[in-house]
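Q: Under the working numbering, think of the first position of the sequence shown as 1, with each following residue one higher.
If you're looking for bench data, these hints aren't it; they were derived computationally from the structure. Be aware that one or more of the hints could be misleading.
[Stated by the list, open to error] Okay, derived cross-link-like pairs now, DSS-like style, lysine-lysine, Cα gap no bigger than 27 Å in a straight line:
#, residue 1, residue 2
1, K476, K429
2, K407, K140
3, K365, K323
4, K9, K264
5, K140, K65
6, K458, K476
7, K182, K65
8, K323, K429
9, K9, K140
10, K324, K264
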Amino acid sequence: MTTLVPFDKALAAYDPAMGLEVHVELNTNSKMFCGCPTEFGAEPNTQVCPTCLGLPGALPVVNHKAVESAIRIGLALNCEIAEWCRFARKNYFYPDMPKNFQTSQYDEPIAFEGYMDVEVEGETFRVEIERAHMEEDTGKSLHVGGATGRIHGADYSLVDYNRAGIPLIEIVTKPIIGAGEKAPLVAKAYVAQLRDLIVALGVSDARMDQGSIRADVNLSLAPKGSDKLGTRSETKNVNSLRSVERAVRFEVSRHAGILNEGGKVVQETRHFHEDTGETTSGREKSDAEDYRYFPEPDLVPVAPSREWVEELRGTLPENPTAKKTRLQVEYGFTDLEMRDVWAAGALPLIEATVGEGVAPQSARKWWVAELLRRANDAGVELAEVGVTPAQVAAVQKLVDAKTINDKLARQVFDGLIADEGTPEEIIEKRGLALVSDDGPLIAAIDDALAAQPDLVEKIKGGNMGAIGAIMGAVMKATRGQADAGRARELILEKLGLS
Numbered sequence: 001m002t003t004l005v006p007f008d009k010a011l012a013a014y015d016p017a018m019g020l021e022v023h024v025e026l027n028t029n030s031k032m033f034c035g036c037p038t039e040f041g042a043e044p045n046t047q048v049c050p051t052c053l054g055l056p057g058a059l060p061v062v063n064h065k066a067v068e069s070a071i072r073i074g075l076a077l078n079c080e081i082a083e084w085c086r087f088a089r090k091n092y093f094y095p096d097m098p099k100n101f102q103t104s105q106y107d108e109p110i111a112f113e114g115y116m117d118v119e120v121e122g123e124t125f126r127v128e129i130e131r132a133h134m135e136e137d138t139g140k141s142l143h144v145g146g147a148t149g150r151i152h153g154a155d156y157s158l159v160d161y162n163r164a165g166i167p168l169i170e171i172v173t174k175p176i177i178g179a180g181e182k183a184p185l186v187a188k189a190y191v192a193q194l195r196d197l198i199v200a201l202g203v204s205d206a207r208m209d210q211g212s213i214r215a216d217v218n219l220s221l222a223p224k225g226s227d228k229l230g231t232r233s234e235t236k237n238v239n240s241l242r243s244v245e246r247a248v249r250f251e252v253s254r255h256a257g258i259l260n261e262g263g264k265v266v267q268e269t270r271h272f273h274e275d276t277g278e279t280t281s282g283r284e285k286s287d288a289e290d291y292r293y294f295p296e297p298d299l300v301p302v303a304p305s306r307e308w309v310e311e312l313r314g315t316l317p318e319n320p321t322a323k324k325t326r327l328q329v330e331y332g333f334t335d336l337e338m339r340d341v342w343a344a345g346a347l348p349l350i351e352a353t354v355g356e357g358v359a360p361q362s363a364r365k366w367w368v369a370e371l372l373r374r375a376n377d378a379g380v381e382l383a384e385v386g387v388t389p390a391q392v393a394a395v396q397k398l399v400d401a402k403t404i405n406d407k408l409a410r411q412v413f414d415g416l417i418a419d420e421g422t423p424e425e426i427i428e429k430r431g432l433a434l435v436s437d438d439g440p441l442i443a444a445i446d447d448a449l450a451a452q453p454d455l456v457e458k459i460k461g462g463n464m465g466a467i468g469a470i471m472g473a474v475m476k477a478t479r480g481q482a483d484a485g486r487a488r489e490l491i492l493e494k495l496g497l498s
């Protein structure tokens, strides 16, 4: 059993190098090489045909939309686009791969030599892209009867081939060196920024929880000052941003423990466990020659014209990082405010809320404070908390109109998440409207003043801070539904100070 070395101590002795391989499932209507549908969640083995099942005599045809999406991803990553490329067969034997080979690209990818700049704690790191290539996904194995959901200890296994043949783009970085103690955060930031870019391009929903974007984390350690890379491990199919960071941290500690004990790191794939944040051994990792790549004989090469590439370049959206900078200026957010917005993944939601006619600071207040807390409590992404930008805008407009205040608005969000109706309907059902009628307010104020004569004297003597206690009593009497501005006016009138 390897003794883990604390992360900071590991980095005192070793330099980490990372390589990230991110697989993106494209949102095409059909699979990469056949016409089968790609809908997520269909009954097992209902979206298959002779081609994606690898039956004899079935021939593939390249999905034009998938090639277009691959080019657009490559352009957005500042890659060069190949004038000519082709597919290759990657040979290995897994039960979830019916052909016993994967149709992929090897040394002739569609896009290559790109980069993405990511910012972590005020420091910019350039992540160089080695290539982005097209391939097909495998099927999905379900291991039944075991405690872990893995094949070890299972009673039997089932295979669903619906996913076999789904178009994938695999984006492979060059080794990321020099990040030091920020390596886990750089890995997380890169995958997050790449996900934002993919969503902006509209080529995938990039749902990590559904596996439509997933990361393989390669990591190695070398002694401080060494110019040689160490032996790498590859943690497969990491499916959340937090887990990307945790996987890097754990592997740094594990590798350091092995090296400190005089051992050798095994080049292998590893499984990440969400519950413990640890990795366990999978299988020894093959090198490229072990896959016996050779050109796919059933597909012609792909040769995108320069005119088509430039036409697709013109369809690229604004870069998410550049958009972040622009919106920070437009919205007047401080660096700290924008950092919190960005970390929460709230910028698209705030932008949509502002588009509904709400002030940026008001939109930020609800998404980054109130709704982010609720999302964290529920263990879901902010966009899945159960409230839409249009609903947030509607609530804020009711606050601006003094129909409710911020405290009551939180109860409206309770109702929205519980699907009780529109904000207006929830206010009516729950009786949340502010008390703006002077009659009930005056009665509550009279009671508060009569109950606290010492505070009345303090206020009359010039201690205006004492009004807060009177206001608190009024709010309590009206269950928080008093119009604070009007209540203050009436208190001052009653004391002859208006």
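Q: Each hint should be assessed against the structure and marked as holding or not.
A: Evaluated hints:
1. K476 x K429: Holds, at about 21 Å.
2. K407 x K140: Violated, at roughly 47 Å.
3. K365 x K323: Status holds; Cα separation ~20 Å.
4. K9 x K264: holds (19 Å)
5. K140 x K65: Holds, because 24 Å separates the two Cα atoms, which is no more than 27 Å.
6. K458 x K476: Measuring from Cα to Cα gives roughly 21 Å; hence the hint holds.
7. K182 x K65: violated (38 Å)
8. K323 x K429: Between K323 and K429 the Cα gap is close to 41 Å, so the pair fails against 27 Å, i.e. violated.
9. K9 x K140: violated (39 Å)
10. K324 x K264: Violated - the C-alpha atoms of K264 and K324 are around 44 Å apart, more than 27 Å.
Hint compliance for this structure: hints 2, 7, 8, 9 and 10 are broken, all remaining hints hold.
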